[in-house]
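Q: Below are the chains, spelled out letter by letter.
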Amino acid sequence: MVNNKIKTKKPVSEIIFDIFVVIFLALVVIVCVYPFWNIFIISINDATDAIRGGLYFLPRKLSLASYKDILSRSTFLHSILVTLARTGIGTPLAVLATSALAYVLSRKELICRKPLTLLFIFTMYFGGGLVPYYMILKNLGMLDHFIVFIFPNLISVYNMILVRNYIEGMPDALFEASKLDGANDLVIFFRIVIPLAKPIIMTVALFVAITQWNSWFDAYLYTNSQDLKTMQSILVEILNQYQTTAANQAANRAGQNITPDSIRMAATMVATIPIIMVYPFIQKYFVKGIMLGSVKS
Amino acid sequence: MKKTSAVRTKSHKSIGARLWEQRYLFLLLLPALVWVILICYAPMTGLYMAFVNYTPKGNGYFQDLIQSPFVGMDWFEYFFSTDFIKIMRNTLATSLLTLLFSFPLPILLAICLNEVKRPGVKKFIQTASYLPYFISWVIAANIFITFLSSDGVINQLLMAIGFTDEQILFFQHGPYFWWIIAIANAWKVLGYNAIIYLAAISGISQDMYEAADVDGASRLQKIWYVTLPALKPTILVLLILAIGGVLNTGFEQQLLMGNNSILDYSDVLDTYAYRYGLKNGMYSYGTAVGLFKSVVSFILVMGANYISKKFSDDNSALF
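Keeping their order, the protein sequence lines are chains A and B.
Note that this note's numbering numbers the first sequence so that position 249 is 249, with each residue one more than the last.
Note that this note's numbering numbers the second sequence so that position 59 is 59, with each residue one more than the last.
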């Protein structure tokens with residue numbers, strides 16, 4: 001595990017250091033992974049049995065009753081559709097708008113390039129605050145409308161900078177040659193920039209998709225109707241009705257094979273499993289994205 | 001930023017001709033321009049709201065705003081004479097405790113990961129470490145509330161090792177809440193923040209380590225005399241930026257994990273502004289608190305940026 005190219009005898013301090021490294025890294029892995037595992041095994045354990053506690057590593061009595069229950073609730077199923085819709089529609093639109101902005105701001109010949117860039121960068125550091133923002137959304141008629149999930153998330157200035165830096169790294173000759181061939185900026189953007197910037201665009205797409213999937217506050221604050229509840233906002237509702245052990249036992253005495261707790265665990269897993277499933281993709285692009293982002297060009 | 005001393009070959013053309021030439025660029029810019037005006041700059045008109053007594057009369061936001069009576073600094077004076085100390089204490093306590101965990105731990109993680117020589121193992125640990133970054137605060141809050149509940153894993157563990165005899169009600173003691181939020185914040189960003197340090201470590205020249213080997217340095221000495229000094233600029237820049245963001249101490253986590261019995265400890269600037277401004281309908285008051293935070297944050301971040309640029313010789317500041 002640790003560098004063991006032993007030359008001669010290892011001094012004690014080296015051994016202690018090795019042990020420290022192993023323990024620290026093991027702790028990091030446990031702290032980051034175990035909570036998900038624990039929630040998972042509770043969620044697939046029989047709810048009545050789970051009240052006894054002591055579920056740490058493996059389920060005692062398998063039961064998928066909680067999953068069956070939440071996946072048969074129409075409100076929950078509908079909320080999954082809303083989440084899928086906002087992720088599926090919001091991500092491509094945001095990627096398109098963000099990379100279009102990035103391309104435009106990367107052009108050195110752009111009129112007012114500096115002030116335009118500053119116009120966007122400034123919003124990273126200063127905002128009007130939540131109350132006026134809410135009022136503006138209300139004034140625009142976006143409250144309680146699906147568009148409130150899409151339009152405000154159209155651009156992320158931080159992501160735009162990532163893409164812009166990437167485009168600025170492309171050779172100028174490429175653009176000049178295309179211009180000479182008669183290509184206009186639209187053609188250059190769609191035919192040349194997007195295909196060539198694919199790695200960074202994928203990174204940004206993943207960032208946006210995850211933000212969309214994980215957002216709950218916009219659904220919580222800017223929408224009222226049941227039709228627009230997202231999966232995460234249903235989870236918040238479940239969390240707010242957090243039940244004590246006594247309540248769980250009462251629910252159980254009433255002859256149900258599910259408890260509020262078991263429902264909460266199952267719903268948490270339903271929201272988490274897709275993230276874990278796309279995780280291999282995420283992590284491939286993710287490290288690249290941070291590396292690009294941490295170096296200013 | 002790159003020096004924009006680009007050759008202005010087209011400067012002899014009229015502005016109209018240049019605009020026409022760039023018509024497709026501006027077409028591509030249009031959605032972003034609409035977005036930035038409506039989503040970012042239109043709410044800034046609300047800054048005026050902090051100096052009036054905004055009361056919605058149903059004539060639309062702008063009309064109502066103009067017709068609201070001017071009250072000057074009243075809202076700010078009210079805030080400073082009532083809850084300011086308490087809210088600032090909570091904000092700073094949560095924020096500094098977060099820094100206590102989320103600042104040194106990623107450095108330690110990066111250094112330890114660098115000692116792992118098997119790529120497979122290293123990748124596994126790294127992958128595991130940034131899993132929490134990708135889940136929503138809703139799920140994170142669910143996990144923390146479950147683990148810290150009276151019969152949760154943490155209480156079981158503490159009782160098993162004899163640390164405590166009776167269950168600790170973590171969410172009923174105000175000051176505990178600061179620690180919970182700090183640990184939750186650190187948990188979420190640990191792996192993410194470590195990546196930046198790992199990148200910096202991978203940039204250290206192997207010659208340095210080989211030279212240290214020749215001198216007979218132990219691995220601990222190599223970390224102390226080679227790795228850490230090489231990381232110093234990165235550490236400084238990130239520390240300064242973290243201090244610049246000291247008022248951004250979270251919002252979702254407090255809303256999701258807090259409860260009414262510990263509101264006196266869980267309320268930070270953002271949640272306070274939200275509660276008064278939107279939930280209690282004191283629009284102008286909420287805006288004033290938000291404005292106070294925005295302005296102080298802006299000054300801190302700009303100051304931090306300025307200082308971090310002084311420290312970073314090669315233009316490698318984060319922004």
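Keep in mind that a hint or two might mislead.
Said to hold, decoys possible - List time: in silico PhoX-like cross-link candidates among lysine-lysine, alpha-carbon distance up to 20 Å:
hint: 1; chain 1: A; residue 1: K198; chain 2: A; residue 2: K288
hint: 2; chain 1: B; residue 1: K123; chain 2: A; residue 2: K288
hint: 3; chain 1: B; residue 1: K222; chain 2: B; residue 2: K232
hint: 4; chain 1: B; residue 1: K123; chain 2: A; residue 2: K10
hint: 5; chain 1: A; residue 1: K138; chain 2: B; residue 2: K13
hint: 6; chain 1: A; residue 1: K138; chain 2: B; residue 2: K117
hint: 7; chain 1: A; residue 1: K288; chain 2: B; residue 2: K86
hint: 8; chain 1: B; residue 1: K222; chain 2: B; residue 2: K117
hint: 9; chain 1: B; residue 1: K309; chain 2: B; residue 2: K232
hint: 10; chain 1: B; residue 1: K13; chain 2: A; residue 2: K108
hint: 11; chain 1: A; residue 1: K179; chain 2: B; residue 2: K232
hint: 12; chain 1: A; residue 1: K198; chain 2: A; residue 2: K284
hint: 13; chain 1: A; residue 1: K284; chain 2: B; residue 2: K232
hint: 14; chain 1: A; residue 1: K108; chain 2: A; residue 2: K179
hint: 15; chain 1: A; residue 1: K10; chain 2: B; residue 2: K232
hint: 16; chain 1: B; residue 1: K117; chain 2: B; residue 2: K232
hint: 17; chain 1: A; residue 1: K284; chain 2: B; residue 2: K310
hint: 18; chain 1: B; residue 1: K57; chain 2: B; residue 2: K232
Since the hints were made in silico from the structure, they are not lab data.
Q: Indicate, hint by hint, whether the structure satisfies it.
A: Structure-based check of each hint:
no. : hint             : result
1   : A/K198 to A/K288 : 12 Å, holds
2   : B/K123 to A/K288 : 14 Å, holds
3   : B/K222 to B/K232 : 14 Å, holds
4   : B/K123 to A/K10  : 27 Å, violated
5   : A/K138 to B/K13  : 44 Å, violated
6   : A/K138 to B/K117 : 56 Å, violated
7   : A/K288 to B/K86  : 42 Å, violated
8   : B/K222 to B/K117 : 16 Å, holds
9   : B/K309 to B/K232 : 14 Å, holds
10  : B/K13 to A/K108  : 16 Å, holds
11  : A/K179 to B/K232 : 45 Å, violated
12  : A/K198 to A/K284 : 13 Å, holds
13  : A/K284 to B/K232 : 28 Å, violated
14  : A/K108 to A/K179 : 14 Å, holds
15  : A/K10 to B/K232  : 29 Å, violated
16  : B/K117 to B/K232 : 23 Å, violated
17  : A/K284 to B/K310 : 34 Å, violated
18  : B/K57 to B/K232  : 56 Å, violated
Hints 4, 5, 6, 7, 11, 13, 15, 16, 17, 18 from the earlier list are contradicted by this structure; the remaining hints agree with it.
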